[in-house]
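A.B. asks: Assemble the dimeric complex from its two separately framed chains, guided by the hints.
Chains as they are written, first to last, in this note's numbering: chain A, 1 to 215; chain B, 1 to 494.
Careful, some of the hints might be misleading.
Listing some non-contacts, in silico: residues in chain A with all C-beta distances to chain B over 12 Å [what the hints assert, rightly or not]:
1) L4
2) V11
3) R23
4) F64
5) T65
6) L69
7) V84
8) M191
Below, computed lysine-lysine pairings styled on DSS-like, alpha-carbon distance capped at 27 Å [said to hold, decoys possible]:
9) B:K155 with B:K369
10) A:K122 with B:K215
11) A:K26 with A:K200
12) B:K375 with B:K448
13) A:K79 with B:K155
14) A:K200 with B:K156
15) B:K153 with A:K79
16) A:K122 with B:K207
17) B:K156 with A:K80
18) B:K153 with A:K80
19) B:K369 with A:K79
20) A:K200 with B:K155
21) B:K156 with A:K209
Calculated from the structure, these hints are not laboratory results.
Virtual Cβ for every residue (Gly too), placed ideally from N, Cα, C.
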Amino acid sequence: MIDLLSVLSIVMIVTSLLVFGLRNYKLSIFAYSFQTFILVSIFLLLSSTHLAEQLSVWATIAFFTKVLLIPFILLRLIKKLDVVYEDEPVTGFFVSPIIAMGFSLAIAMSIYPIYLEFSMIKESVPLIASITIFMMGIFGFILRNSAIKQILAYCMFENGIHLSLALMAYNSPEIAELGILTDAIFAVLIMSVLAQRFYKYFGSLDVSKATELKG
Amino acid sequence: MDIQQLLTLLLVVPIVSSIVLWFTPTNFKALSTVHIVASVASMLIAMKAVMSVVNGETLFAYDQMLFLDSLGGVFLSLIGVTGLLVNLYSVKYMQWQVDSNEITVKDAKLFFALSHLFVFTMTFSVISNNIALMWVAIEATTLSSVFMVALHKGKKSTESGWKYIVICSIGLAFALYATVLLYSAGFTVINDSHSTMLWTTLVAHAKEINPDALKLIFVFALIGFGTKAGLAPTHTWLPDVHSEGPAPASAMLSGILLKCAILGLIRYYSIVGNSMVGFEFVQAIMIVSGLITIFIAALFLIRQHDVKRMFAYHSIAHMGVIAFGLGVGGVIGLFAALFHSLAHSVTKALAFCVTGNMQKIYGTRDMTKMGGLIKIAPITAILFGIAICSLVGVPGFAIFVSEFLMIQESINTGLDIPVALFIVGLIVIFIADFSHFNLATFGESKTKILTNKIEWSANIPLIALGALIIGFGVFTFNGWVTLLNNAVNIIIGA
Chain A
1 MIDLLSVLSI
11 VMIVTSLLVF
21 GLRNYKLSIF
31 AYSFQTFILV
41 SIFLLLSSTH
51 LAEQLSVWAT
61 IAFFTKVLLI
71 PFILLRLIKK
81 LDVVYEDEPV
91 TGFFVSPIIA
101 MGFSLAIAMS
111 IYPIYLEFSM
121 IKESVPLIAS
131 ITIFMMGIFG
141 FILRNSAIKQ
151 ILAYCMFENG
161 IHLSLALMAY
171 NSPEIAELGI
181 LTDAIFAVLI
191 MSVLAQRFYK
201 YFGSLDVSKA
211 TELKG
Chain B
1 MDIQQLLTLL
11 LVVPIVSSIV
21 LWFTPTNFKA
31 LSTVHIVASV
41 ASMLIAMKAV
51 MSVVNGETLF
61 AYDQMLFLDS
71 LGGVFLSLIG
81 VTGLLVNLYS
91 VKYMQWQVDS
101 NEITVKDAKL
111 FFALSHLFVF
121 TMTFSVISNN
131 IALMWVAIEA
141 TTLSSVFMVA
151 LHKGKKSTES
161 GWKYIVICSI
171 GLAFALYATV
181 LLYSAGFTVI
191 NDSHSTMLWT
201 TLVAHAKEIN
211 PDALKLIFVF
221 ALIGFGTKAG
231 LAPTHTWLPD
241 VHSEGPAPAS
251 AMLSGILLKC
261 AILGLIRYYS
271 IVGNSMVGFE
281 FVQAIMIVSG
291 LITIFIAALF
301 LIRQHDVKRM
311 FAYHSIAHMG
321 VIAFGLGVGG
331 VIGLFAALFH
341 SLAHSVTKAL
351 AFCVTGNMQK
361 IYGTRDMTKM
371 GGLIKIAPIT
381 AILFGIAICS
391 LVGVPGFAIF
401 VSEFLMIQES
411 INTGLDIPVA
421 LFIVGLIVIF
431 IADFSHFNLA
441 TFGESKTKIL
451 TNKIEWSANI
461 PLIALGALII
471 GFGVFTFNGW
481 VTLLNNAVNI
491 IIGA
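The following block holds chain B by itself, in its conformation from the complex (with noise of 0.2 Å):
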C-alpha cells in the first residue's frame, strides 16, 4: 500500500462507516455489527499509519495537502485506539438505551452513522498539512457531533447542543482570524499561495514571518483552538455538554477531540516559537492560560455531585495540565504535554464511560444518592477506582508520569510560582475526587438499584482501557517513547 492510498484509506473507512450505516436497515443487531467492523477496520488503519511515522518520518500526499508525522501520528493514535474501545462500549450502552426506552433504534443508528464521520473528521484535523483545511475540519467536528451530543430530546439536550455549536463557533472563528492572517503574513515571504497554507511550509519560514503578526496570529489560535479544547475562560461549554451527551459521545468528546483541537494549537505553538518570537512567549501565555483553567475548574469541582459534570470539569482542568506543559515547554516539557494527552485520553474514556455503567445502575448520575458500588458491581467500582486514581495523578497511573514530569521540570527550569500554583490546584482536585470517590463506592446506596448486572461485553473494552492507564504507568513502551520524542523534535524544530 502507498502513501497516498494510506492516507486516503485513514479518510475514505470512517466516511464510508458512516454512509453505510446510514444505509443499513433499522435493526439493532446489523447496525451493532457494522459498528463493530467499521470501528475495528478504522483503527487498524489508524495503527498502520503511525507505525509508519513512529521513526520520525513525514508522511505526504495530494501535493502535500495531507500529511502524516510524529506529532500527528501521537493524536491518529488517540483516534484508532480510544475511538475503538469507546465505540465498542457505545453498542452495550445504546442497547440499554433502546431496552429503557430512552431512545428509539433509529436513533442508535443515527449516533453510529456520526460517530463515524466524528472519527472522520477528527483524523482529517489530525492530517490535514493545510491549515485552512484543518480550521474546516476542526469545526466539522462541532458539526458532526452536535447530534451525538444532543441525541436524547428534551430542554437539557437542546441547550446543551445549543451552547456547544454556538460558543465553539464563536470560538473557532478566532481560529479562522488567525489562518487567514498567517496565510497573509507567510504569503509575503513564502510567494506562492499553495505553500503558503501548508504548515510544513509556514514552520519552515517561520523565522522570515513577521513577529508582530505571529504573536497576534497566536492570540487569536489560543482564543480559537483553546475554546475548542475546553481553555478557560472560554470553557462554558463543554461541563453541558460533556454532562449531558450519551457517556460514549462524552467519552469521545472528552478523550478524543479536546487533544485535536489542542493538536491545532500547537501547530501554531511551533510556528510562533520557531520564530523570531520565539518560545518564551507563547511558552508564558500557555502557562497563564493552563494554570487560569485548572483554578476555574478544581473550583467548580469540590461542589459537584453529578458524576458526568465533574468529569467534565476534570476534562477542562486537565487540558490545563496540557496547556501548562505546553507552557513549561523544552523537550521534557513538551514531551510531558503530549503523554498527557494520550494519559487523559484514555483515562477519561474509561471514566466517562464507566458512568454508563453506574447509571444503568442507580438510575441516577447524582452521586450522594449512589454509594455501594463495591459490593453491587465490583468490577465497575474497580473501574471507576482507576480512572478517579489516574486523574488525581496517583503513582502507578499514567497521568502521574506527565505531572510528575512537568512538576520536575518546572522545578529544573526556575518557575517556582508557577510550579507551587500547579501543585496546589492538583491538591484541590484530589481532595474533591477523592471524597466525591468515597460517596459513590463505600457505605449503603441511597437510592433504589434499578439493576446490578453490567454485561461483560460491556466491561471488556472497560477493562482494556484501565490496563492501558495502569500500563503507562507502570511501563515505558519503547516504540510509543520514541514516537513522543520524534513529536517533540517536530515542535522545536530540531
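For reference, chain A alone in the conformation it holds in the complex (with noise of 0.2 Å):
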C-alpha cells in the first residue's frame, strides 16, 4: 500500500531540489510555493490520520502566508528588480544541487533516529525529508550567491523546521507557532528591502560582490 505521507515527504525533498537548482527565478519561486503547498497538505493529512485538530489551523495559516504571501513579497520583488536568471554560482548549477543534496541526505540519515524517538509522529520518511530540506536551506545559503536564491534557501530551511514541528511537536502551543511564522514573513520582508538595496548598490544580487568589509 501506497503511504502518502511518505510520497509527499519525497515531493518535498523533489521540490527543494528544484528550488535549489532552478536558475530562472520565477520557476524557483513557484517550486517553493509548490513546496509549501505540499507542506499544507502533510499538515492536513496529519490532522485527520492523528486527530490534531491544531494542524488543520497551521495548515490555513501557512497556506496564506508561506504559500501566497511570501511567493508574492518574493516575485515582486524580482519584478521590481527585472530579474529573470541566476547567475552562474562558482560551483556551477549543475554540481552545486547534486553536492547540497547527497550531503542533505547523508545528514538526516545520520541524524534522524534521534528525532525519531521522541517524534510524535513515528514515521521516518516524513523526518528525513524534514532534516534533509533543511540541510538543503542551510547549503543554499553556503553553495548559491544570489540574494533571492539566499531568501529562498532560507524560506525552504523554515519549510524543513516548519515539517520538523508538525511531526515531533503538533500538539506544542499555537503562539510558539504563530511567532516562528511571523518572524519568518518579517524576516523576507526585510532580506527583500536588502536585496533591493543590494541590487541598487552593486548593480548586481550576487552576493559574492560585496568585499568592501574585509579583515
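C.D. replies: Quick look at the structure:
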C-alpha cells in the first residue's frame, strides 16, 4: 500500500532540489510555493490521521502566509528588479544541487534516529525529509550567491523546521507556531528590502561581490 | 502593581514608545524628547522588576509563559542601565549625524523608534519562560536591529546588514531545531504540552530527559545562540556589523544583545548540566569554544587600525571569555561569567560610544590617522582610556574582577592547560590594545581635526558608564552580588 505521507514527503525533497537548482527565479519561487503547498497538505493529512486539530489551523495559516504571501513578496521583488535568471554560481548550476542533496541526505540519515525516538508521529521518511529540506536550505546559503536564492534558501530551511515541528511537536502551544511564522515573514520582508538595496549599490544580486568589509 | 502588570509593562512601555516615536512629527527636538522620556521609563520599570528578584524570587505571569528570575534579572539590569545610557548618548550622536548631513531627521526617527523596538525584543527574550517564545524573541532582535545597523545608505552598510540577517538567521535556525527537539524529548516525560514548553518545568525534569538527545540539543543550541553571541567560528558577521552601524547601535548590540544570546545559551546549559549528562559535558564544550573564540579574536585584533573594528573583535574575545567562564563552571566560574556580562556590557557601551566622539573629532575611524586625543579632547581620551583599561583587564576596572575570578577558579580546579592558554590570549589582547591606544591618544594628529568640541550632553552618559566600570572594579555592591549568587544557584539547580 502506498503511504501517502511518505510520498508527499518525497515530493517535498524533490521540490527542494528544484527551488535550489532552477536558474529561473520565477520558476524557483513557484517551486517553493508548491513545496509549501505540499507542506500544507501534509499538515491536513496528519490532522485527520492523528486527530491533531491544531494542524488544520497551522495549515490554514501556512497557506495564506507561505503559499501565497511570501511568494507574492518575492515575485514582486524580481519584477521590481527586473531580473529573470540567476548568475552561475562558482560550483556550477548542476554540481551545487547534487553536492547539497548528497550532504543533506547523509546528515539526515545520520541524525534522524534521534528525532524518531522522540517524535510524536513516528514516521521515518517525513522526518528524513524535514532534515534534508532544512539542510538543503543551509547549503543554499553556502553554495548559491544570489540574494534571491538565499532568501529562498531561508524559506526552505524554514519549511524543513516547520515539517519537523508538525511531526515532533504538533501539540505545542499555537502561540509558538504563530511567533515563528511572524518572524519568518518579517525576515523575508527585510531581506527583500536589503536585496533591493544590494542591487542598487552593487548592480548585481551576487552577494560574493560584496567585499567592502574585510579583515 | 501586581506581578502580571509589572511584566506586562516591561514589554508594553518599549513597544508603545516605538509606536509613539513612529507617529511623532519629524522634528528632531520632539523626537529626542520622546526618546529620552521613553528610555527613562523603560529603565525605571526594568529596575523595579530587577529589584523584585534580587533575593531569589521568581515572578510568573500569563500562565507562566513570562517569568523573571534572578538569572533573567542580571540581564534585564543590563537592558535597563546600559540601554538608558546608550539611548541618552544616541540623541547627541544622531544630532551630529543630521548636522553633518550623514543622515536625515527621518533616519534619526527610524533609529529612535527601532531602538525601543529592539529593547522590547531583548526584554522579551529575557523574560520568556516559554522556550519557543524565547527563540522567537531572539530572532526578532535581529529583525528589529537590521535597519539600526544599516541606517546609512551605501555599499558597506548594505553589505553589513545582509551579512547580519543571513548569518544570524542560519545560526538561529539550529537553535530552533534545538527548541523543537527539546520540546519533543521533554514531552515524553512531562506529558503536558504547555508545561513542556516552559524552561522552569524542563529544568525541573532535566534528569528524566534522554541524555543523548540533550547532548545533540546542546550542540544545536551552541551553534544557534553561539552564532548570535559571536562565538567562533560563526562570529564572522560581528566585526562587519559592529563596525558599520552608528556608534550607539554598535554599543547596544555589543553591550546588550550579545548577552541576551548568551542568556539563551545559559538556559540550555542549565538544562543539560542538570540532567544525567552532567555539567562536565557542557563545561568541556564551553571551554573549547571560549578558547577558540579568544584566540581567533586576538589574532585579528593585532592588525586592526579601524577603532570600531578593533572594538568589534573585542566583543568576540569577551564573548569567548564569558564562554570560558561557563566552561570553568562551578559557583565561582559561573559567577564570574555573569559578572563579566555586566562588566563587558558597560565597558563596551562606553567603548563604542567613545568611537562616536572620535569620529566626530577626526572624521575617520582609522587610528593610524589619529593622535593627540589627550590634548584635543581630554575627557574623550580619558573615557577611551577607561574603556581600554577595562577591556584588557587592568586591576581596578570591572573586567579585571571577572577575569581574575576565572583564572583563580581554573587554577583551583586543575584546569592548568586551558588557563595557561586563556592567559596567553589575554596577553595578546593586552599588547594589541595598548599599542592602538597610544596611536590614537598621544603624539600629534596625522589628520585634520574637524572639531574639538564634544558637548557635555554627549559626555555625561559616557562618564556615567565610566563610573560604573570603575565602581564595579573597586567596590562590592551587595545587592548585585546577591542577585548574581541567586542567578548562579538557578543555573546549577541548587
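A.B. asks: Go through the numbered hints given earlier and state which of them the structure violates, listing their numbers in rising order.
C.D. replies: 8 and 19
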